[in-house]
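Asker: Given the coordinates of chain A, assemble chain B onto it according to the supplied hints.
2 protein chains.
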Amino acid sequence: MIQKRLHIEEYVKGVLACDKVVLGRAISLIESNAEEDLKLADTVMNELIPHTGNSIRIGITGVPGAGKSTFIETFGNFLTEKAGKKLAVLAIDPTSKKSKGSILGDKTRMEKLASSKNAFIRPSPTGKTLGGVAANTREVMLLCEASGYEVIIIETVGVGQSESTVKEMVDFFLLLVLAGMGDELQGIKKGIIEMADLIAVNKADGDNKIKAEKARNQLGMALHLFPLPESGMPVKTLTCSALNNTGIEKIWEEITSYEKHTKDSGFFHKNRKEQHVRWLHQYIKNKLESDFFQNQQIQSELSRIEKNVSEGIISPLQGSVILLNLYRQSG
Amino acid sequence: MIQKRLHIEEYVKGVLACDKVVLGRAISLIESNAEEDLKLADTVMNELIPHTGNSIRIGITGVPGAGKSTFIETFGNFLTEKAGKKLAVLAIDPTSKKSKGSILGDKTRMEKLASSKNAFIRPSPTGKTLGGVAANTREVMLLCEASGYEVIIIETVGVGQSESTVKEMVDFFLLLVLAGMGDELQGIKKGIIEMADLIAVNKADGDNKIKAEKARNQLGMALHLFPLPESGMPVKTLTCSALNNTGIEKIWEEITSYEKHTKDSGFFHKNRKEQHVRWLHQYIKNKLESDFFQNQQIQSELSRIEKNVSEGIISPLQGSVILLNLYRQSG
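One line per chain: the protein sequences are A and B, in this order. So for the first sequence, this note's numbering puts the first residue at 1312; every next one is plus one. So for the second sequence, this note's numbering puts the first residue at 1312; every next one is plus one.
So here's chain A without its partners, still in its complex pose:
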């Protein structure tokens, strides 16, 4: 860490008082890899955990070009201004790989929202990711909840495994798509459609309006053939235009209706409890694996074994036995 560390009490009080500067520093503390920070972070988290959980957690993903940033800007402004909500956006900065993770990058993407006193935007740090999502996004979300943010949006990049990781963190998953791509969903990774609680066809404006409505209709019919989500709530399809600010309120209505129904049915809290236990297991598995794959002996042998396995010279099981023996001996 570059900044001087605060005292435990300063972190705790600052976060609870929603002091954005302290919240930001608490997040940096959580994201730090330094040994002495881990212990402090753990203590701070310990104090704050009773104050977490009071938000609706929303994952947002979309096909490339679906207009995620503009949507989050428009949707976020609606939430903070019209709906009177405190909103935290944990954004994945698409430019971060090039620019080494600039907060500026994200602030430019969501200029108006970033200046709202009721909004807190935090881009993910580069590196140290877990399936495309920052390893500490879960903890950052909890910190934001302790600061009283009532809506947490987690944006995902729409590639790789990030969606299933985010799906595991959120109460509600929104998928943004576009009309007029021929086969409507060609840009989406397999499996993502079935994670969605709501699919919105964005850019339903101007000449595109009729096409968007048609795409929404087709999607609705296709989804009808597929299983109900575990929540028991049918997946809705809507159109919206983040540019013209239409259809945005309807999306929020769907989300609040979903929240109400799943809280009444008990699914909401059951799902969260199960998610938390899966996070626990996930953290354990990740640590066991990273210890293994970062082991020097393993690193020097892995690619040779992988090559032999992929070419059928040794079986995958044999390969695993060789590597696991090596690991045990090195410990």
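Warning: the hint list may mix true and false statements.
If chains are identical, the list can't say which one is meant, so a pair holds when it fits in one copy or spans any two.
Distance condition first, Cα-Cα at most 20 Å in a straight line; then the derived PhoX-like pairs of lysine-lysine [unchecked claim]: (1) Lys1596 <-> Lys1618; (2) Lys1618 <-> Lys1584; (3) Lys1618 <-> Lys1581; (4) Lys1525 <-> Lys1561.
Worth flagging that the hints you see were computed from the coordinates, not collected in a lab.
Answerer: Relative to the frame of chain A, chain B by itself:
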């Protein structure tokens, strides 16, 4: 193991000669947990691995009541008699939980096929499963290939995670569904549809024929909206009747056409190589995890920590730190 062990050479020669008795004993050896069997199994596998890989590996799953057993019986008889293929079926005995895994159970399910000299049917042992699939199914498949079986069918039960595990083992994934269930795919776990390379509407016979054709049509339209599989081959939809033996040959034609096209495009072998490397990683992860979760200290603390995590008393990350420290100290 109850049976006396054979010599290495006897296993190797017997398997290569397709001696079904020896093949069965080699499989039992592979499935054994006894320490002395592991080493022998490893040596046998080592000798046989150059003789593996020459089959088409087919996963078959279906909604409950879709008629998987009857389908495999009819399809299997077609393969062994009409197509002149040697077929191994690694079947999951649905009664095995009650009957403690009876080979008899499976033989009754596929009576005619079981008596064919060109067919080898092996039910999965109970217990020791990995996402609903026997932990050693991959190795059993390789043994069958070493015995010269040209088509390997892996049946899955259609619940839980078994499909994604099987998808990772096979070249081609066939999903059996039924018409006339209202919302056609309500019985299928989410995500399975998108794994399929071919969806067949079974029981397209008698009064059901028109309904089946309509369901096939609807499915075809719905699938059209979804992304192409990684293979680049569009997912086909067909109807068939395992009972009346109609549409069966067409399914085999689709599979051979798929095999030809993906071999020409290079996807077939690329996919297998990647699968093998993923198996390697999977074995390693499974072993790391099972060592952890079978640790006595962990077993005595896990449920208490899980409870605290699920109720939000401690964070998932904190829970993982407590357990990992405990594990390290116990080692």
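Asker: Next, verify each hint and record whether it holds.
Answerer: Checked hints:
1. Lys1596 <-> Lys1618: between (25 Å within a copy, 18 Å between copies)
2. Lys1618 <-> Lys1584: between (41 Å within a copy, 9 Å between copies)
3. Lys1618 <-> Lys1581: Answer is between: at 13 Å across copies they meet the 20 Å cutoff, but 44 Å inside does not.
4. Lys1525 <-> Lys1561: within (18 Å within a copy, 34 Å between copies)
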